[in-house]
Amino acid sequence: MSSRASLAPGGSVFRRRRDGWLGLALVLPALVIFAAFTYYPFFKNFQMGLFKAAPFPNLPSRYVGTAQFTTMLGSADFWDSVKSTAIYALITVPLGVIGGLVMAVLAHQQLRGIRIFRTIFSSSVVSSAAVAAVVFQVILSPQTGYLQTLGIHLPDITSSPTWGLPAMALVSAWQFVGLAFIILTAGLQSLPDEIMEASRVDGATAWTRLWRITFPLLSPTIFFCGVVGVIFSLQSFGQIDIMIGTSNATYTHTNVLIYAIYRLLHVSQNTGLAACYSIALFVITLLVTLIQFRLLEKRVHYAH
Amino acid sequence: MRTSSLTKVAASFVLAATSLTSATLLSGATAQATTSCDPSLVAKSSSTINITFEESMPGGAVSGTGNHGVLLDLINKYNASQHKVHVTDSNDSGGYGSTWTKYTADLANGGSGAPQVVQFDQFDSQEAVDTQSLVPVASCIAADPAFQKDKKNFVQKALNSYVVSGTQAGMPFSVSTPVMYYNLQAFKKAKIAKAPTTMDQLIADEALLQHAGYRYGVAIKKDPWLTMAWLSVNDQAFVNNGNGHSSRATATTFNNSTTQQYWSKVQTIIRNGGLASSLTGSLTQAYANIFAIANDQAGITFDTTAALGSISSALPLFKNVTLGVAPLPTLSGKTTGSMLPAGNGLFIPKYGTAAQVSAAWDFIKFLTNKTSMASWSASTGYLPIRTDSQAAWKTALKKQISWYQVAFDQFSKGLNDNNTQGPVIPDYEQVLADFGPTLDALTQSPWPSPTTELQHAQNTTTSDIQSYNSSLGY
Numbered sequence: 003m004s005s006r007a008s009l010a011p012g013g014s015v016f017r018r019r020r021d022g023w024l025g026l027a028l029v030l031p032a033l034v035i036f037a038a039f040t041y042y043p044f045f046k047n048f049q050m051g052l053f054k055a056a057p058f059p060n061l062p063s064r065y066v067g068t069a070q071f072t073t074m075l076g077s078a079d080f081w082d083s084v085k086s087t088a089i090y091a092l093i094t095v096p097l098g099v100i101g102g103l104v105m106a107v108l109a110h111q112q113l114r115g116i117r118i119f120r121t122i123f124s125s126s127v128v129s130s131a132a133v134a135a136v137v138f139q140v141i142l143s144p145q146t147g148y149l150q151t152l153g154i155h156l157p158d159i160t161s162s163p164t165w166g167l168p169a170m171a172l173v174s175a176w177q178f179v180g181l182a183f184i185i186l187t188a189g190l191q192s193l194p195d196e197i198m199e200a201s202r203v204d205g206a207t208a209w210t211r212l213w214r215i216t217f218p219l220l221s222p223t224i225f226f227c228g229v230v231g232v233i234f235s236l237q238s239f240g241q242i243d244i245m246i247g248t249s250n251a252t253y254t255h256t257n258v259l260i261y262a263i264y265r266l267l268h269v270s271q272n273t274g275l276a277a278c279y280s281i282a283l284f285v286i287t288l289l290v291t292l293i294q295f296r297l298l299e300k301r302v303h304y305a306h
Numbered sequence: 136m137r138t139s140s141l142t143k144v145a146a147s148f149v150l151a152a153t154s155l156t157s158a159t160l161l162s163g164a165t166a167q168a169t170t171s172c173d174p175s176l177v178a179k180s181s182s183t184i185n186i187t188f189e190e191s192m193p194g195g196a197v198s199g200t201g202n203h204g205v206l207l208d209l210i211n212k213y214n215a216s217q218h219k220v221h222v223t224d225s226n227d228s229g230g231y232g233s234t235w236t237k238y239t240a241d242l243a244n245g246g247s248g249a250p251q252v253v254q255f256d257q258f259d260s261q262e263a264v265d266t267q268s269l270v271p272v273a274s275c276i277a278a279d280p281a282f283q284k285d286k287k288n289f290v291q292k293a294l295n296s297y298v299v300s301g302t303q304a305g306m307p308f309s310v311s312t313p314v315m316y317y318n319l320q321a322f323k324k325a326k327i328a329k330a331p332t333t334m335d336q337l338i339a340d341e342a343l344l345q346h347a348g349y350r351y352g353v354a355i356k357k358d359p360w361l362t363m364a365w366l367s368v369n370d371q372a373f374v375n376n377g378n379g380h381s382s383r384a385t386a387t388t389f390n391n392s393t394t395q396q397y398w399s400k401v402q403t404i405i406r407n408g409g410l411a412s413s414l415t416g417s418l419t420q421a422y423a424n425i426f427a428i429a430n431d432q433a434g435i436t437f438d439t440t441a442a443l444g445s446i447s448s449a450l451p452l453f454k455n456v457t458l459g460v461a462p463l464p465t466l467s468g469k470t471t472g473s474m475l476p477a478g479n480g481l482f483i484p485k486y487g488t489a490a491q492v493s494a495a496w497d498f499i500k501f502l503t504n505k506t507s508m509a510s511w512s513a514s515t516g517y518l519p520i521r522t523d524s525q526a527a528w529k530t531a532l533k534k535q536i537s538w539y540q541v542a543f544d545q546f547s548k549g550l551n552d553n554n555t556q557g558p559v560i561p562d563y564e565q566v567l568a569d570f571g572p573t574l575d576a577l578t579q580s581p582w583p584s585p586t587t588e589l590q591h592a593q594n595t596t597t598s599d600i601q602s603y604n605s606s607l608g609y
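Line by line, the protein sequences give chains A and B.
Per the numbering used here, residue 3 is the first one in the first sequence, and the count goes up by one each step.
Per the numbering used here, residue 136 is the first one in the second sequence, and the count goes up by one each step.
None of these hints come from the bench; they were simulated from the model.
Just so we're clear, the structure is a prediction, and the values are computed from it rather than from any experiment.
Misleading hints may appear alongside valid ones.
[Said to hold, decoys possible] From the structure, some residues in chain B lie toward chain A, with a derived Cβ separation under 7 Å:
#1 Asp208
#2 Asn211
#3 Ser413
#4 Leu418
#5 Thr419
#6 Gln565
Ideal Cβ positions, reconstructed from N, Cα and C, are used throughout, including at glycine.
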């Protein structure tokens with residue numbers, strides 16, 4: 003076949019062109035899907051931010067330029083949402099990563115029945131936000147909750163402006179801890195055994211091995227886990243919607259950006275402002291991820 | 136040859152994508168719109184007119200069980216009673232919000248898929264009108280002499296509650312009011328002789344109940360509806376421009392000495408150990424005030440009469456509760472206005488043929504006729520919106536009638552004016568959401584002044600109403 007192609011005049015050009023078409027045909031289905039569901043909505047968002055939408059989809063929108071972006075940046079609600087989002091992430095990510103790390107280290111033992119524990123530790127990752135929310139609601143309810151039946155009288159945490167946001171973040175952390183456990187367990191299992199063996203021969207204690215060898219070698223995985231955790235926490239929605247809801251007064255204290263976008267869309271029917279909030283969330287996620295790469299990556303030890 | 140095949144494959148993908156897009160766009164084609172109502176078209180029709188009824192009643196689809204089951208019985212009765220119109224029920228178990236979302240999604244498709252009759256929350260009336268997607272029932276009434284005669288049998292306040300900018304936009308169907316629920320056994324233990332009629336008596340009774348071992352004494356739901364109710368019984372408006380009935384409301388007006396005094400009393404109740412419970416959330420959260428009565432944590436609460444059906448069916452499980460129902464306590468023990476109606480109404484979307492609009496009106500008349508209304512109100516806990524349905528309603532409810540009569544008297548007796556017909560609020564859901572933080576702040580430390588907090592809520596809600604109005608070009 004190759005001899006036939008090379009015999010033909012301009013054969014290599016012909017083959018390159020043919021491969022080009024083949025490549026295009028192969029990526030086209032994925033490209034169409036990405037274009038329809040990722041790129042188009044992404045750029046459409048910017049366009050929507052320039053129009054003040056009528057509250058109902060059958061009525062026309064009005065072009066207002068960047069007025070809605072200005073409104074958003076001057077709005078106390080927006081900055082409250084940014085603050086809530088930051089607090090939410092600051093609780094969820096460290097709790098999730100540390101919890102996952104502790105469980106991964108504990109489960110990285112050759113003990114009988116350890117697989118059962120690994121399954122239990124990772125189970126929260128397969129629990130949907132709805133399930134997690136309902137489980138915690140049942141535990142925390144001041145009227146009928148399990149804690150109440152155990153004689154622990156808590157205030158109505160999910161209706162409390164002080165405790166509402168930490169309670170939601172706790173639910174998210176519980177969910178994320180399973181994912182962190184899986185990522186960090188995979189990281190631990192990929193660490194080279196010979197280094198551990200050598201350290202044991204050299205007389206290093208378990209604590210020294212953990213601090214001086216395991217953690218430094220695991221740092222790229224912990225870093226990755228942190229980045230995933232931040233993105234996970236910035237997109238938490240279900241548990242807030244189920245446990246708080248828009249009509250509950252506490253929602254203003256748990257009005258993280260993703261929930262504010264939902265509220266603007268479905269309660270206020272304000273698609274233009276919701277688009278501005280979406281862009282803001284995108285910018286914040288991008289900036290936080292870039293900062294994480296810039297600052298934390300320097301402290302990460304990559305084995306060569 | 137091979138290149139040519141690959142080119143064809145690539146071209147096929149592009150064509151398929153283009154076809155899919157075109158098909159999607161075409162499927163969203165605008166539905167036929169009818170802007171007038173001619174009730175005689177049903178009688179003239181030679182074939183059956185099919186219409187869809189979109190409603191939000193909770194409960195299963197079992198005949199006679201739950202509000203949805205009772206409504207299904209009425210629909211089946213209507214379908215069986217004549218052959219000109221056939222109604223298909225479309226239930227949104229997610230409630231009014233779900234129906235609203237589904238309806239506005241239909242509007243995005245040019246009305247394609249929209250029902251011919253739709254049930255909306257009463258307080259969504261202004262927004263329903265603002266969609267510019269309805270045939271006002273006023274046009275059906277104007278063309279229906281028989282109904283004009285029948286109109287006198289309705290509780291006029293119920294009809295008037297659906298008047299938006301001077302036009303009857305929809306028909307009332309279900310009406311409920313807030314009432315005071317109390318436990319007679321708790322009263323006996325606390326040595327309380329009768330239900331409190333003033334807020335000061337309520338505060339005193341709270342202390343007696345707490346002393347008798349009821350942890351909270353009084354449980355109050357953080358519900359903006361209470362503020363509307365207090366204004367209504369004092370003949371005051373929640374929004375301007377005739378409470379939104381005479382023309383579009385442009386501002387809220389709820390911060391006045393009446394609401395300030397009420398909230399000051401509520402603050403005292405909560406500060407003294409009363410429960411301030413959530414408006415929404417899970418069943419245990421949204422009805423924490425009712426559960427507090429059931430669990431002997433409180434002896435008094437306020438809630439809707441629409442919950443009476445569920446409460447009475449659960450009562451046999453709670454031997455510790457003997458239910459009492461009374462009007463909401465007021466500041467002085469007297470009312471200058473009357474209790475506003477709240478609930479849901481029936482609207483006719485314009486997306487249908489003239490015959491379907493006519494059929495929609497015929498069906499609405501059936502649902503609100505004397506017999507249907509007696510059956511609907513007796514089985515659900517909603518109040519009858521017709522005076523001529525009362526006899527059958529009372530007979531059906533037997534011993535429980537005293538509970539319902541309290542609510543019906545609150546609603547039907549007294550003044551009938553714009554202030555007591557319930558507010559017509561632009562961007563109601565947003566106003567409701569804005570109110571939440573205020574109620575939250577008012578019912579906890581550091582116990583801010585009601586004047587300041589209510590003014591803050593009034594400013595926020597007014598700003599949101601103006602933003603909403605401006606997005607519609609007003």
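Structure-based check of each hint:
1. Asp208: violated (31 Å)
2. Asn211: Violated - the Cβ of Asn211 (chain B) stays beyond 7 Å from chain A, reaching only about 33 Å at its closest.
3. Ser413: It holds, given that the least Cβ distance between Ser413 (chain B) and chain A is near 5 Å, below 7 Å.
4. Leu418: violated (9 Å)
5. Thr419: Result: holds, 5 Å to nearest chain A Cβ.
6. Gln565: holds (5 Å)
In this structure, the earlier hints numbered 1, 2, 4 are contradicted, and the remaining ones agree with it.
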